[in-house]
Structure formats: C-alpha cells, structure tokens
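Asks: Chain by chain, the residues:
2 protein chains.
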Amino acid sequence: MANPRKIPATTAGKIIKCKAAVLWGPRQPLRMQEVEVAPPQKMEVRVKILFTSVCPGDIVTWSFQGPFFPMIMGHEATGVVESVGEGVTGLVAGDTVMTVYTGECGECAHCKSEESNLCSLLCFKFIEGLKICEGTPRFLVEGKPAYHYATTSTFTEYTVCPAGCVVKINRLAPLDKICALSCGVVSGLGSVLNVARPTEDSSVAIFGLGLTGLAAAEAARIAGASQIICIDVDVNKLRKAVGFGMTYFLNPPRYNMPIKDIIVDMTRGGADRSVDCTGDISCMRCAFECVHKEWGIAVLNALSREKLRTDSLKFAGERTLKGCYFGNYKPRSQLPSLVDMVMKGELDMDKFITYRFRFAEINEALLRSLTDATILLCIVAME
Amino acid sequence: MANPRKIPATTAGKIIKCKAAVLWGPRQPLRMQEVEVAPPQKMEVRVKILFTSVCPGDIVTWSFQGPFFPMIMGHEATGVVESVGEGVTGLVAGDTVMTVYTGECGECAHCKSEESNLCSLLCFKFIEGLKICEGTPRFLVEGKPAYHYATTSTFTEYTVCPAGCVVKINRLAPLDKICALSCGVVSGLGSVLNVARPTEDSSVAIFGLGLTGLAAAEAARIAGASQIICIDVDVNKLRKAVGFGMTYFLNPPRYNMPIKDIIVDMTRGGADRSVDCTGDISCMRCAFECVHKEWGIAVLNALSREKLRTDSLKFAGERTLKGCYFGNYKPRSQLPSLVDMVMKGELDMDKFITYRFRFAEINEALLRSLTDATILLCIVAME
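Residue numbers (full-length UniProt numbering), protein chains in the order written: chain U, 1 to 383; chain C, 1 to 383.
Simulated from the structure, these hints should not be mistaken for lab results. Treat the hints loosely; a few may be bogus.
Covered by chain U, according to a simulated footprint, are these stretches of chain C (three or more residues, beta-carbon under 8 Å) [said to hold, decoys possible]:
hint, region
1, 104 to 115
2, 177 to 188
3, 313 to 327
4, 343 to 352
Here a beta-carbon is modelled for each residue, glycine too, at the ideal position from N, C-alpha and C.
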C-alpha cells in the first residue's frame, strides 16, 4: 500500500484534479465529482486531506437556504501540506496538519494579545468564510467556481485554505482521531480548561450533553473536579455521559423545584464553575444563577438570539459570567498541545467518535448525523 | 496636649462611659449623649475611635424607617485597641486599627479561599450587622440597649466590634485620612486594581462619578491606563473628576447616539475594561456592551433591584461580566497594603476628603452629606 502521507513532488504550482463531495442545493445529497483545485495563492496552503469529520454542526450548513452553491462542505480535517503559496512561513510541503475553521493570522491585535483567540482576519465568519473562492476561484466543478465552507472545505481530497487556518501538528499523531478535535470537542475542553479553570475537588455543572458538553465533562475530570453535574432533558444521553467524567445526572422534568436550586443544594451553596452548552436562554441563565458566590464562574459556549435576563443582585455576590468561543484556544499556537494530550493518553478521542466511514459513504455519514440525536462524531477516511 | 493614642491601662474589663452620637428615629438629628460601652466579649475588640468619616452611604441608614432605635451609626474609622475579648489573636491593646463593616473571620470557606472576600460570618449583612447588641448589650444609652450599625458603630468615642472587623495597620499611618478608606474608596480602587486589572496603556470606561467612580478612575491612573473615560449625566462632576485620572468626560444627553457606541468608537472597538458605579440598570448594561471583544471585562460595583437584560451574542465575543463587592479586598489581610500606598504617596486620600469636622459638629457633617450632591467624604475628629 502506498504511503498516503506521501505527496507527489510534481503537483506544486499546478491545478490538481481530485474527488470532492459537492453540495448543489440545500438538503441535497452530496455529489461525488471531479473538481479542479487551483494552486494556493498568497498566504494560502494546499492540503491533501486524509481524514475529515462530519460533526452535527455541518447539518446546519447542509440545510442552509443560501445562494452559495455549488459548495464544498467540511471543516475539521487532518492531512498533509501539498504546497504553499507566496509569503507562507512555518509550513512546508509534507508537514502534517489539521485544518481549523477559525484561524490565527499571528499579526492582528487579537493574535498579539495574550487574552484573545478571536483573530480579526480569520475568526469564523459565515459569509466571509465562503468567499475564498471569489475573484479567482480555488475550486472549479463542472467549470463553475465552488464556494468554500468555513474557510476550509474539507470534503475533498485536496483543499486550499489560508495558512492561518492550517495547524502544524506532530507527524506521529493519530490523524484519524484528532481530525475531530477542532470544533465541538475543542470548545468544550477549552471552556473548562482555559476559561472556567476549576480547581481540584471542585464542582462543575454542565448544561447540555451534546459533543461540547461531553467534552466539557471530560475536561472537568481532567482538571480534577470531583463533582461533575450534567444536566439534560434527554435521559438517553445519560448512558453516554457516564464515560465522560460525569458524576451526577440531573433531568430537570423529574424535579418539582428549579434545577438551579437543586444544584445549589447539591454543591452546598452553588457550583464552583458552570458551563452552558445548550444555547437555550433559560439554561444560560440557570448556569449563571447556580454558581457559588464570589468564586463562581459561569461560561457560555453557545449562542441564543434571545436576550439574557438575570437578577443583577447575583453580581453583588461577585459571580462571573463569561462567553467562550472555540474554547479560547489560539488554534495554531495552542492546538498542538491538545494533540500531545491525545498522544500521551490524557485525552481519549475514541469516546467522541460514533461512526467511521469511507469518503464514498459521506452521504450516509450526513444521514446518520441528521437522524441520530445521540451521535457525536463521524470520521471519514479519504483513502 | 495628651497623646490621643494613649489608652488608660485601667479600663480593660470595665464598662467605659463616653460620648456617642445617638440616632433615636429616622431622619432625626443625632443626640450627643453619654453611653456605657461594655467590655468586649469573646472574639470582640473594644476600640477607642480617633477619626470617623461620614460617607454618603450613612445617609441611607439615617433615613431608614426600621425599628432599630436607638442606634449608633458610623462604619469607617481609625483608632486604637483599648482591650480585647477572649480568644482574640493578632490584636492587643494599643494596636493602631481601622474598623471595617465587612469583616474577615479567617476561618470560613470564603476566608480560606484565595478568590473570595465574602466572609461567611462577617460579610456585611444589614440586619445581622445591627444585632451585636442583642442578648447582652454592648452599648447602653439612657439605660436602654442601643443597636449597632454595620457591625461597627463608629460615631462614638469607644465601640465594640467583632475582631474580624478590626484591621491592624501601620501605627505611623495618617489616621485622619485613612479612616475614609474602608467604604466607597476601597470599592472603587479594588474594582479596578483587583478585578478589572487594566494593563498599561489600556482604556477604562467608568460609569458614575460619585466616590466609588472617582476612586475607580484614580485606580485606573495608578494601573497605567492611558484612556480613562468617565461617564456621568451631572456635568458638575466634571471638574472634580479631572483631578482623579480622568482623561475624557462623556455626558450622555449631549450625544444623539448611544453612549455605548461613542465609547466603542473612541476606543477603536470597545473599552478594554469598564466599571459601573451607578447601580442604574441601563448603565450596567451599557458598561457590559461597551467593552472590547474577548479581553473586555465589565465590573459591576453597585446594585439594582431590576433585572439585567443584555444581548447574549455579546458573550459569544468572550466578554466578561463580573460583580464586585468591597473591591474584592479581604479586609484584614489586604487593606494594610492600601494604607502603605497612602504612606508612600501612591494614593492621595486628600482628594477624597471634602470637609472636616469635630465630633460635636457631626450633625453638620450629616447635613452636608444630605444636601451637597458633589460631596465625597466628611472626616470627623473625635478629639
């Protein structure tokens, strides 16, 4: 068997023809087609994709009623750099890499601030993330330019990304596992390890047991929290959560008092930390109101279009409410440390992976994500 | 002149008769009367008051329609320990001290936590703070027990406080100035120095230019902030604020766009830090919404009975909203460092002191606080 990580030396600077899964309209099956992938332009990198994951978030895009078709979806992947465009430093052909939908240009005020991971240039913006193909297209399918997705587009054998969306990682890393690291798992881990930062033996309440919530529970366990209280209205999620550090499960409909009060009782005054992973405005409020006076920190991972409304007196108790995006990780600088955690066995990615597919089966992966509410991640192997 | 700091050796264990300013009903003039002050009981300290301040907050108590009369008001003072009750450690007769209305028992979970200053036993609670006189009274006036105020009661020549509400300080400190340190000034300073922690050359927006707001502006200057934007609807406060680190003054009625947007423009994206000192719910919201993405921290110093309602998407930008009480200072452990700042000239207390009175004139001090909206602090010398 040929080494899949080996890059042919002859493709640099040339158009590559390869297979991609193309979306031509909302909720359509992806069409496996030959596409042309242009060489990387200034500050861009062309990557040979080896593994990509289909996370539940992709379903939102798949259902999106926008005008951005044809489009190549996918945003979490591992692979090898095929060639680099003008001006790219720190990456060369043959480097083992992850793609990330939120990047790190290294030059803006946010990248230069120790406190920020919201790169002014490459932080995820839905519309801008579709536009890398504008002007001179990087993908051509049936002779038409194809839109990017999330600046990355990984449902293809080769893609072109801004260099800031490509993270160089240990070449010995298990690429089939860590391709799933860069979205919900990272958000959940970082919201605990980087933002909430529970101390040993502390209590952490986690609202919502999807991928992000389970990753948050796992991070609370890694941080040494002894009371990890998971809250979800879906009892089917209970079984899954047991393997992720959870020590208590609360199903709100089972109680005839507010779940906030249950948590305050269980933790003798309030959880030391809490993390909302639901995006439900009442859960977000509860996550804040259930934390302990003073050292209590509530972290919001998800969004809501509704206004958050809470008792301002809660702040008199010095509680903290903080938003979190992409786990507060600076992707290029800090994700390699998570890869190291996986390689050292400190973080078990297998627990997050529900199904594995071949690239030809990508529509089945999408269908599973759409129909199975308990799914975490589907991994797709390109070869 | 006799040394006012000298304590007669003969009073320990005995009732002391001295002068106190007694409040017999809401909005009544204080009556200068002889009171009996009992010896300190277990874990209590009897303090000879040398200076006390009348801060605008005392007016709220003076107007309070409660049943707690007669009462001895006052909560900020400096003096000398006269004697200590059973079990008191770390304080002996002759020690130079400050009284604080929010204490530090040193034993509870909050005192033992590095993150907390909300002592479970001695953190300010209005009703409990009145009750030190219950059971065996510490103050008798006209043969009746007098209520304490804020666990301290400093409008008297001698008081009895829990040891946790007595802070030992440098005996060479300027007691006539630092007696004003322990309320609004501490809250404002600490909300910036301990909680917001602006970095050098950063921007800080401060809402409300009362005592706390001015102290916050002064702290922002001490921390090296270069853009200190003060917001108040009262332009009379402008003149005063110039001396307190302020670099810009915004008077919201003068603008026909939201003040939040003005601040975002002035600071190119949002203030690095903001501090609300108004307790007005719309200002609290504005203080949060005007901070910069990601590293922006808004600190709430004051309370409102209304619900705080804000756009949850603001949290997606990783902004932080945090409450603050008593400047997050642990009073006994950390206020001595503020006294050192005053002694080194790093913090100028004179700027906060508007008037000085003798104890006999304490009703005039109250009247001034009631009628002069621009007043900061009145200092009352006991001898």
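Asks: None of the hints should be skipped; say for each whether it holds.
Replies: The hints, checked one at a time:
1. 104 to 115: holds (count 3)
2. 177 to 188: violated (count 0)
3. 313 to 327: This one holds; 13 residues, not fewer than the three required, reach chain U with a Cβ under 8 Å.
4. 343 to 352: Answer violated; 0 residues pass the 8 Å Cβ test.
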